[in-house]
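Working from the sequences, and respecting the hints, build out all of it.
Sequence lines, in order, name chains A and B.
Each residue of the first sequence is one higher than the last, beginning at 25 in the numbering used here.
Each residue of the second sequence is one higher than the last, beginning at 4 in the numbering used here.
Hints are computed from structural coordinates only; laboratory data are not their basis.
Heads up, some of the hints might be wrong.
Here are the simulated SDA-like pairs of lysine to any residue, each with C-alpha atoms no more than 25 Å apart in a straight line [said to hold, decoys possible]:
| # | chain 1 | residue 1 | chain 2 | residue 2 |
| --- | --- | --- | --- | --- |
| 1 | B | K129 | B | L265 |
| 2 | A | K85 | B | P489 |
| 3 | A | K85 | B | V244 |
| 4 | A | K85 | B | E493 |
| 5 | A | K88 | B | N120 |
| 6 | A | K85 | B | N120 |
| 7 | A | K106 | B | E97 |
| 8 | A | K106 | B | L265 |
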Amino acid sequence: MTNEKDFRTIKTLNELKVGEEGIILSYNDKKYYNDKAPKLKNNENQYNQLKRHLLGMGFVKGAKIKLEKIAPLGDPIKIKIKGYSISLRKSEAKNIEVELN
Amino acid sequence: MKIKVGFAGNPNVGKTTLFNYLTGLRQHVGNWPGKTVEKAEGHLNFKSSRIDIVDLPGNYALSAHSIEEIVSRDFIVDENSDVIVNVIDANNLERNLYLTTQMMELGANLVIAINMNKFAKKRGYKIDMENLSSLLGVPVVEIEANDGSGKEKLLNTIEKSKENPIDSSEKLVYGRELQEHLLQLQKIIEEDKNLLDTPSSWTAIKLLENDEIISRKVEKSFIKDKIFKEVEKIGKHFHDVFNESSEEVIANYRYAFIDGLLNEVVTNPEVEMPTITEKIDRIVLNRILGLPIFLIIMWLIFQITFTIGTPLKEPFEYLFALIGKITLGFLGENIFSSFIVDGLINGVGGVLVFIPIIFLMFLMISILEDSGYLARAAFIMDRIMHKLVGLHGKSFIPMILGFGCGVPGIMATRTMEHERDRILTMLLIPFMSCTARLPIYTLFVAVFFTAYQGEVIFSLYLIGIIIAIIVATILKRVIFKGITTPFVMELPTYKLPSFKGVLIHTWEKTYGFIRKAGTIILAASVIIWVLGSFPVGVEYGSHESLIGQIGNLASPLFAPLGFGYWQPTVALISGVAAKEVVVSTFSSLFGGSGDVSGIGLALQNIFTPLTAFTFLIFILLYIPCFSFLATVKKESNSWKWPSILLCTTIITAYTVSFVVYHIGLLIGFR
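What follows is the structure, given as structure tokens:
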């Protein structure tokens, strides 16, 4: 069962190590909804807003992305995307899937 | 000729620097009608034209999910502006142009001003401006906001654009797949003439993005069913083809358009050197050094603001005392002179003495903000603030400033983008024990806790912090249910703050404080004076005066807390005006000689150590002062939040004092 997928390393953005880079594969919407399974519409709204916000900030499919730094206390993280730096909490990064270079 | 111009662009691109450079002090900062978003307007004369400029909020997009974005797009759509200048950072074209595409979707009469070219060139980026301009169909001007180069050319271009407006949507072409579906949708939208006050292409795109405001507008159309059916159909189609929502598809196409553009226009350097920003961040955000550096900077701000600012209060205090004396000598002692001196001069003076502190604080914050460090501070503190009180990293600085004075603390919340974070922070700042409360603590510990003065005062500061955490947890449950603000925040490149910009910011904000807080304080001072000096003939603030009678009447309320006497009640009431007044009230109630040992004896007749401590807790937690409430009113732009603040602080103070007093009694303190 060798297929192309076996040669790819896919991680969620919060799992990246400092200095690792890759490209954005997708937003894992399903995982998000399953995690918070029975929970409220409010959460769903917040998630959609976050996603919309991130899209505007350049987190689109295929964008190059790099984990630059982790804050001294372990969270949030500093990310390089589209030529600039942005911070995200790990909990907000965990729905973004990244394929490592 | 009159030209109305809006400045739009991402945050941190030098938009406001350019605005300051062009308009200088010919500007006015207020709020957008009915919004808490700051609106800066200014004007300049250029040749024979008068150019009026509105500095729009910094945005990354024009969706409907933040007030700032709504304000900006309403300005572009509704207000009859002649030209929109889109300020763009040459070092970050890709993301900056994302906003540009959205303004082009609106067909705005755009001029693009590309800033920070020197820095970009130094890094090895080459931008073909002419080509960019012809590909976008929009005039492009190279500028340098901090030294004003390109200013003439920009103003000339603005003038030309006013005379020959363009429809910037013409050259904006998205991929065929999206374009075809947009056209279909547009055709349906165009059947209803009421929907054509904005370009149908914009309405179509916004509908596919599930934009709430546009959807609500279309709800009113007689063909809404037809429109929404088509939107749903396209959404489903996109989902089948791309496995993505229509929002994602549109974002992808916008970036695809930009990518295509940049391929033709920009030459990248062969090797990317680490920038100064990256080098600084290596130290400032270092695992081990990051936190200590942050704490040192905080300590410096606190020191500079309060150790330089507090002595500067004295000349102001002296000045007002002098004015009072002269007035008194001029008018003689009568009810009118008492009104002028005790009421107006003391009341207003009591607030104006804060000017040096406020000014210094704003100076510090402006430098921090303009240099780019503020975002790093928030980055470092977010973990603690988020875990402990469910707040944003940026709320740390206002809280720290609250230990000095709550008023600059509230004003420092302006650095936060989300209103709910700002409000929650404002509601918590009162519990940070401010310096005005310190004289009261000092007076009481000297009388009641001679052996443990430092420990008692320290415990009060600590109790304040613990109570803030508890109150935050409750407020999160009650008022701000289930809301957390994401920490999606740009970490901008470091910049040397411009002298002019920092001074303008500082002055604007200080002036705002004087003007707005001043008026409310004036009213409050008059009320306190009236209560203290009527009925005619009583000694100011005595038992027989109105305030004394109110104290008498209200004192049973404080009996459950152990200090149900009229004097502490009067002190608490006048302390609502300002905490500094509490000590002076005690001294005037107990003989007025200012003799501390005399006051001490009198206090011992009323308080026991336990009730004294309870009283201090109440002082720590109840309404900070009029200036505080006035500032919250001004900053939140409504009476709702100062009212809520009034309730939360009083309820908290009463509850905690009650608990402390009764637990104290149970343990056996007296």
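We went through each hint and held it up to the structure:
1. B:K129 / B:L265: With Cα atoms ~11 Å apart, B:K129 and B:L265 stay inside 25 Å; holds.
2. A:K85 / B:P489: holds (21 Å)
3. A:K85 / B:V244: Holds: A:K85 and B:V244 sit about 15 Å apart, inside 25 Å.
4. A:K85 / B:E493: holds (20 Å)
5. A:K88 / B:N120: Roughly 24 Å separates the two Cα atoms, so the pair holds.
6. A:K85 / B:N120: The given pair, whose Cα atoms are some 29 Å apart, is violated under the 25 Å limit.
7. A:K106 / B:E97: holds (7 Å)
8. A:K106 / B:L265: Distance of about 12 Å is within 25 Å: holds.
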